[in-house]
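Participant: All chains, please: the whole structure from these sequences, using the hints.
Listed in order, the protein sequences are those of chains L and X.
Going by the UniProt record's numbering, the residue at position 274 of the first sequence is 274; the numbering climbs one at a time, nothing skipped.
Going by the UniProt record's numbering, the residue at position 63 of the second sequence is 63; the numbering climbs one at a time, nothing skipped.
Just so you know, these hints were derived from the structure itself, not from any lab.
Accuracy of the hints is not assured; some may be wrong.
Unchecked claim - Rough simulated footprint, nothing fancy, chain L against chain X, three-plus residues with beta-carbon under 8 Å:
1) 68 to 77
2) 88 to 98
Said to hold, decoys possible - Every beta carbon over 12 Å from chain L, so not counted as near; a handful from chain X, in silico:
3) Val63
4) Val158
5) Lys178
6) Pro195
On a predicted model such as this, the values are computed, not experimentally measured, just so you know.
Glycine residues also receive a C-beta, built at the ideal position from the N, C-alpha and C atoms.
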Amino acid sequence: MAATRGNILSTATTATAKLQKPAATEVDFPKFMLLSLLSKRSLEVDSRDSYGFALRPQYAQTYREYSSIYREEEDERSDKWSDFLELVVDSSQPTSENEHKQTLKVEPESDEVREETNPHRLSNGDDLSRTKFSELEEETYVVRVSEGDDSNDKKSAEGNEIIEETILDRVSKGDDSSDKQTSGGNEIKVGTIPGRVSEGDDSSSRNFVSDSATGNNSGKELHHSEERKTHKVQRWAEIRPSVIVIEEIFSSRVMKRNKMNGINGNNNHLASIEESEPLDDGLEGSRAENALVDQNLPKLFTRWKELESLVQGGVPKDLRGEVWQAFVGVKTRRVESYYEDLLACNESDEQNVSSAAFGKWKKQIEKDLPRTFPGHPALDENGRNSLRRLLLAYARHNPDVGYCQAMNFFAGLLLLLMPEENAFWAFVGIIDEYFAGYYTEDMIESQVDQLIFEELMRERFPKLVNHLDYLGVQVAWISGSWFLSIFVNVIPWESVLRVWDVLLFEGNRVMLFRTALALMELYGPALVTTKDAGDAITLLQSLVGSTFDSSQLVFTACMGYLAVTEARLKELREKHLPSVLVVIEERSKKGRAWKDSKGVATKLYSFKHDRGSLVEERKLTEGSDKVADGNLQSESNSSNLDEMLSSLNVDSELDSLDLQEQVVWLKVELCRLLEDKRSAILRAEELETALMEMVKEDNRLQLSARVEQLEQELAELQEALADKKEQEAAMLQVLVRLEQDQKVTEDARRRAEQELAAQKYEVHVIQEKYEKAMQSIAEMQKRVVMAESMLEATLQYESGQSKALSSPRAGHAHSPRFENPSRKVGLLSFGLGWRDRNKGKPNAEESSESLHNNGSPRKESDKQETNR
Amino acid sequence: MGCGSSLLDGDSRQLGRPISENGAGQDAKNLRVKLVLLGDSGVGKSCIVLRFVRGQFDPTSKVTVGASFLSQTIALQDSTTVKFEIWDTAGQERYAALAPLYYRGAAVAVIVYDITSPESFTKAQYWVKELQKHGSPDIVMALVGNKADLLEKREVAVQDGTDYAEKNGMFFIETSAKTADNINELFEEIAKRLPRPSVS
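Facilitator: Pasting the structure below:
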């Protein structure tokens with residue numbers, strides 16, 4: 001343990017701090033977690049959620065709508081959990097019941113205390129000045145449970161006397177306090193505690209934020225500044241006793257796992273780490289451990305079902321860090337000073353075998369640090385230093401994984417919830433065990449999981465997958481990053497944490513699949529409506545990104561997909577692993593490092609065969625190494641006999657191995673060859689199916705293209721038809737109009753014709769009349785002429801008579817009568833006769849009158865004719 | 001910026017294949033194109049996409065895990081539209097294991113390096129080779145030197161990029177996602193180089 005770092009602290013543990021009354025074993029966790037450094041200021045900014053994570057602007061509104069729901073849920077689950085923990089603790093610690101009740105009453109005071117204490121949690125003065133903790137309403141309700149528990153613990157240690165003890169006091173206690181508590185003996189679990197506590201205190205000599213300047217809090221009270229230093233000191237911390245019950249249960253699955261691998265002691269574990277076995281550990285371990293989860297744990301813990309439903313309902317915010325640690329079994333995993341040692345070799349150990357690789361990781365980590373939750377208020381310089389240390393330590397711890405992008409987010413998340421070393425061990429548990437083989441160089445398990453997921457999708461949502469196939473979208477395009485990031489940055493944070501709650505509780509990747517399936521269930525129906533690949537993916541991304549209803553998601557996942565179990569996944573894993581191996585081998589053949597496939601071979605072997613002991617395991621690794629070397633020399637990995645012989649030759653140099661070892665090695669070799677054969681066969685099958693697929697897909701694509709084309713043509717034709725119809729209709733209308741017009745004109749014409757005929761007839765008639773009139777006129781004229789001539793003649797006669805006879809009377813009276821017969825021929829005999837009769841009286845006048853009016857007879861005759 | 005280059009030799013061989021197989025839409029006027037961005041970690045792949053699609057630049061964008069997707073449609077002068085379906089992949093070396101998932105069937109690959117990092121240029125060459133071996137034979141490849149605004153830190157000469165691109169039948173351009181320099185030009189140039197569905 002680094003004494004140098006302890007020196008920094010010596011100032012921190014001043015007299016005042018020691019004078020403080022030692023309170024309880026419990027260290028107040030939130031004070032050492034980065035998340036606890038969060039303040040109201042992060043909430044004031046619209047673009048961040050209550051965890052301090054950035055909110056995408058398009059979801060900010062929805063988040064605000066949900067935040068009240070989250071708060072309600074949080075209240076509810078806080079109560080449930082505190083009840084549950086109370087019960088659990090009671091059952092193991094019957095005497096503490098009264099104290100529990102009392103402490104619950106103390107809550108308000110605790111809250112006050114908390115407010116008072118908060119400033120000390122900050123790591124530097126800068127934060128201090130920016131923060132108003134009295135505004136921290138958001139946090140206070142969260143605090144309730146922990147405060148309750150804390151004060152409970154406190155009391156179980158101290159008795160009733162210290163109700164008003166502040167958290168400050170509790171935090172600042174030293175070794176003596178833990179001793180005291182232990183001697184108090186109120187805790188049943190305390191048996192294991194003394195060691196742990198002292199470890200904690202040892203590590204406390206390491207400053208959690210050791211890089212930060214500690215002296216910038218100039219204007220503060222001595223008391224407070226010292227408090228703060230004490231806080232920073234804490235890098236490893238135990239979880240509160242109430243959660244320890246859970247921790248004990250879960251630690252059993254970690255311990256069993258270790259035993260299965262023949263690693264009994266911590267030192268062994270450490271050694272094995274250096275021989276790059278953790279990967280194999282993980283694969284073996286998760287298997288063994290799953291059996292434990294399924295069978296043993298529920299039996300071990302009578303309230304298993306209860307706990308399960310609580311976890312599905314969500315872990316309260318302030319308990320989360322500790323409960324997660326309990327689930328992962330951080331305490332059991334922890335090897336004292338291991339983390340420190342990993343950090344210590346930071347500078348000295350660069351000439352290591354893996355130095356090239358390590359340099360690469362280091363570079364990558366540096367690149368990624370500022371790109372991990374950028375702008376998160378807790379990830380300031382100190383936070384990033386913690387993150388860097390954790391990632392570098394892990395890279396050293398497991399060189400098979402080293403550093404892989406995505407791990408930065410997990411480490412960051414864990415650091416927000418727990419002290420640095422606790423976070424490290426939780427991280428180790430998650431990456432080495434739950435996600436073994438996921439983030440390694442070849443990412444083999446990740447690829448296998450995608451194949452499994454696709455199969456599950458086809459099984460559950462055939463229609464959706466068909467549609468995606470039609471659009472040319474591969475499920476893995478989308479789900480790949482879901483799985484690799486364990487939903488971080490994929491769904492809203494509240495939902496991420498809820499999924500992690502269940503995932504860590506179950507201790508395997510089942511929840512990953514269930515959640516992904518639930519998301520597809522929730523959003524599949526919308527996807528089916530999309531028309532092209534881009535739209536489908538964009539839509540899914542945005543829908544998934546707005547999954548604020550975390551309870552709906554978790555319950556859909558947990559209730560809806562009970563059939564997706566670890567056993568089922570294991571089955572599918574075995575089915576899909578070979579095809580992934582084939583691809584990886586293919587790649588490695590094409591000039592990639594041999595190392596990968598060596599790892600694969602080892603893994604493959606470990607999949608199929610249970611090793612009896614660690615010794616054998618070692619030999620296996622060595623054996624594989626040699627095989628790999630042999631193959632490297634012959635520059636091929638095909639499994640023909642020549643090569644086997646050559647590799648045997650290579651190996652025969654190592655005659656120092658005794659016969660038994662050789663037999664073991666040969667067995668291994670045989671196994672490897674069998675595997676090779678099997679994989680070759682599988683590969684052939686795979687290729688065949690792939691070919692079939694390709695052909696099918698080809699056809700399908702062509703067909704769909706054809707169909708689309710035809711559809712388009714059809715549409716065009718239909719459009720043309722519609723156009724034509726329209727035109728026709730228009731023409732018809734025009735025609736009708738024309739017809740009407742025609743009819744009208746025809747009518748008009750007919751009428752005109754009729755009129756014309758009538759007029760013609762009239763004309764005819766008139767003409768006839770005219771002719772007749774003309775005839776009669778001509779006749780009359782003749783007659784007139786005749787009459788005139790007769791009159792003249794008469795006149796001449798009369799004048800002749802008068803000259804000759806002087807008796808005009810007699811002659812005069814006779815003369816008309818004389819004239820009469822000639823006149824009787826004409827038509828005017830009557831008229832003339834009448835005139836003649838009239839003439840008889842006024843003779844003289846008559847003659848003058850008749851001379852005078854030559855036209856009048858004609859006139860009268862006209863009159864007569866018209867009268868006719 | 002940028003230099004002329006002929007299309008890939010593979011084009012003539014591939015005339016018989018349906019375009020859709022290549023991730024491009026069939027409609028002669030409205031193309032759909034699958035585009036994949038490859039390149040070393042931190043060269044600015046995500047930034048280029050964000051600049052192109054949203055017109056934003058965030059110097060502290062987050063690490064891409066797996067791959068992320070965005071799409072953007074541009075209109076060309078000849079009144080055709082091109083909808084880019086962009087897959088922005090994770091840069092770390094080991095994610096190369098997953099890259100085939102994304103570049104398979106892509107019509108366009110944009111390979112990005114950082115002009116201030118010779119290492120990223122080497123990595124870009126790795127990607128070019130990988131695509132020549134495993135990508136679609138008629139894939140349109142663009143080599144992009146990003147961070148062109150950091151002239152004083154330049155370590156990869158323009159000529160190096162130009163030469164390499166020419167040798168490999170690629171289109172080359174230097175861009176800056178920060179200043180938006182040449183970003184739209186990059187995508188427009190790609191759009192112009194796309195094989196058009198001739199007669200359908």
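Participant: Each hint: holds or not?
Facilitator: So, going through the hints one by one against the coordinates:
no. : hint     : result
1   : 68 to 77 : holds (count 4)
2   : 88 to 98 : holds (count 8)
3   : Val63    : violated, 5 Å
4   : Val158   : holds, 25 Å
5   : Lys178   : holds, 15 Å
6   : Pro195   : holds, 15 Å
In this structure, only the earlier hint numbered 3 is contradicted, and the remaining ones agree with it.
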